[in-house]
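S.K.: Residue numbers (our numbering): 99 to 378.
Do not take every clue at face value.
As the list claims (entries may be wrong) - No farther apart than 25 Å at their CA atoms in a straight line, the calculated lysine to aspartate or glutamate pairs in the DMTMM-like style are these:
{"hint": "1", "residue 1": "LYS200", "residue 2": "ASP371"}
{"hint": "2", "residue 1": "LYS350", "residue 2": "ASP338"}
{"hint": "3", "residue 1": "LYS200", "residue 2": "ASP212"}
{"hint": "4", "residue 1": "LYS331", "residue 2": "ASP212"}
{"hint": "5", "residue 1": "LYS357", "residue 2": "ASP371"}
{"hint": "6", "residue 1": "LYS317", "residue 2": "GLU375"}
{"hint": "7", "residue 1": "LYS261", "residue 2": "GLU136"}
{"hint": "8", "residue 1": "LYS350", "residue 2": "GLU375"}
{"hint": "9", "residue 1": "LYS350", "residue 2": "ASP371"}
{"hint": "10", "residue 1": "LYS357", "residue 2": "GLU375"}
To be verified - Taking CB as the label site, the calculated pair distances span:
{"hint": "11", "residue 1": "ASN328", "residue 2": "LEU368", "range": "39 to 45 Å"}
{"hint": "12", "residue 1": "PHE198", "residue 2": "GLN351", "range": "44 to 50 Å"}
{"hint": "13", "residue 1": "VAL205", "residue 2": "GLY269", "range": "46 to 52 Å"}
The hints are simulated quantities; they were obtained by calculation from the structure and are not laboratory data. The C-beta atom is built at its ideal place from N, Cα and C for all residues, glycine as well.
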Amino acid sequence: MSDVPPPKVEVPEETTSKQAPASSGASSGASKPGFNQELLIKTVQTLQFAWFVGHLLTLTGIFFYSLTYIKIGVRAYKFWYTVALFGILESFGILIFQIFQKSGSNVFSVLKNDNSQFFLLSAALLFLRPYVLLTLLPFALYSVFHSLAYIQTYLLPVFGLDKHAISKTIGDFVANNNVKSVQLGSVIEVYAYVWLFVRLLTFRRRSLVPFVVYTVFIKTRFENSIFTRNYIKSIEVKVDSLVNSVNVPAVKQGWTTFKHTVRKTGDFYLVNDYTKEKLT
99 MSDVPPPKVE
109 VPEETTSKQA
119 PASSGASSGA
129 SKPGFNQELL
139 IKTVQTLQFA
149 WFVGHLLTLT
159 GIFFYSLTYI
169 KIGVRAYKFW
179 YTVALFGILE
189 SFGILIFQIF
199 QKSGSNVFSV
209 LKNDNSQFFL
219 LSAALLFLRP
229 YVLLTLLPFA
239 LYSVFHSLAY
249 IQTYLLPVFG
259 LDKHAISKTI
269 GDFVANNNVK
279 SVQLGSVIEV
289 YAYVWLFVRL
299 LTFRRRSLVP
309 FVVYTVFIKT
319 RFENSIFTRN
329 YIKSIEVKVD
339 SLVNSVNVPA
349 VKQGWTTFKH
359 TVRKTGDFYL
369 VNDYTKEKLT
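Taking the hints into account, I'd like the entire structure generated from these sequences.
M.R.: Below is the structure:
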């Protein structure tokens with residue numbers, strides 16, 4: 099499976115005709131920037147707009163849920179947690195719907211897609227409710243770039259700003275930082291997994307099943323994402339160095355056994371045998 103970042107900000111396909119010029123009449127001043135009500139009405143009636151709303155809900159929910167960690171609006175933490183996850187389900191659900199339209203009833207093909215894995219994880223988080231902020235932060239990061247891409251492509255033309263400097267600024271920001279955002283998202287996902295493991299070790303409430311679910315998720319991310327693989331391998335190198343510097347035979351043996359067990363487990367691929375991918 100390809101791991102090129104741009105699909106992370108790909109707007110759902112549909113009704114591309116709404117990208118038409120801001121005005122249809124010769125006497126309506128089509129060459130002048132300005133608000134186009136007709137284009138706005140067409141825009142809000144599309145599947146892309148519902149996808150965009152999902153990302154807005156995600157960002158809003160995660161923002162206010164984050165504030166509860168500094169004792170602001172604490173009593174509403176469940177509400178904002180739910181809002182965030184419903185937004186995630188909406189945005190990724192729309193993408194999965196379109197994937198189904200393309201692939202027909204090939205369920206396994208759909209499950210191999212990154213969007214399906216994010217959707218299933220968010221559904222599990224909503225059902226299990228571990229209330230761990232780290233598990234939501236990658237979604238916030240992706241939603242920022244998804245939203246910016248949508249604003250540039252669909253909303254700025256509504257206000258006649260598609261040729262404005264702000265459009266170029268947004269486009270440049272997305273182009274220059276998209277890869278970095280995907281890399282950072284992968285790092286946060288790994289940290290979230292570590293934190294869920296710590297919660298399990300400390301017998302926190304609702305810790306076992308979320309950890310198991312996230313283990314499967316990280317496994318699929320490792321198979322699909324070169325960024326996740328590279329980061330986990332960098333951790334392995336650091337631990338190797340640390341273990342060698344300690345120079346305790348029992349520790350070395352334990353670490354070697356652990357790595358061997360993980361690699362044997364890794365030989366079973368859930369969604370993608372990345373070893374068969376061509377290096378580019």
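S.K.: Looking at the structure, which of the earlier hints fail to hold?
M.R.: Hints 8, 9, 11 and 13 contradicted; others consistent.
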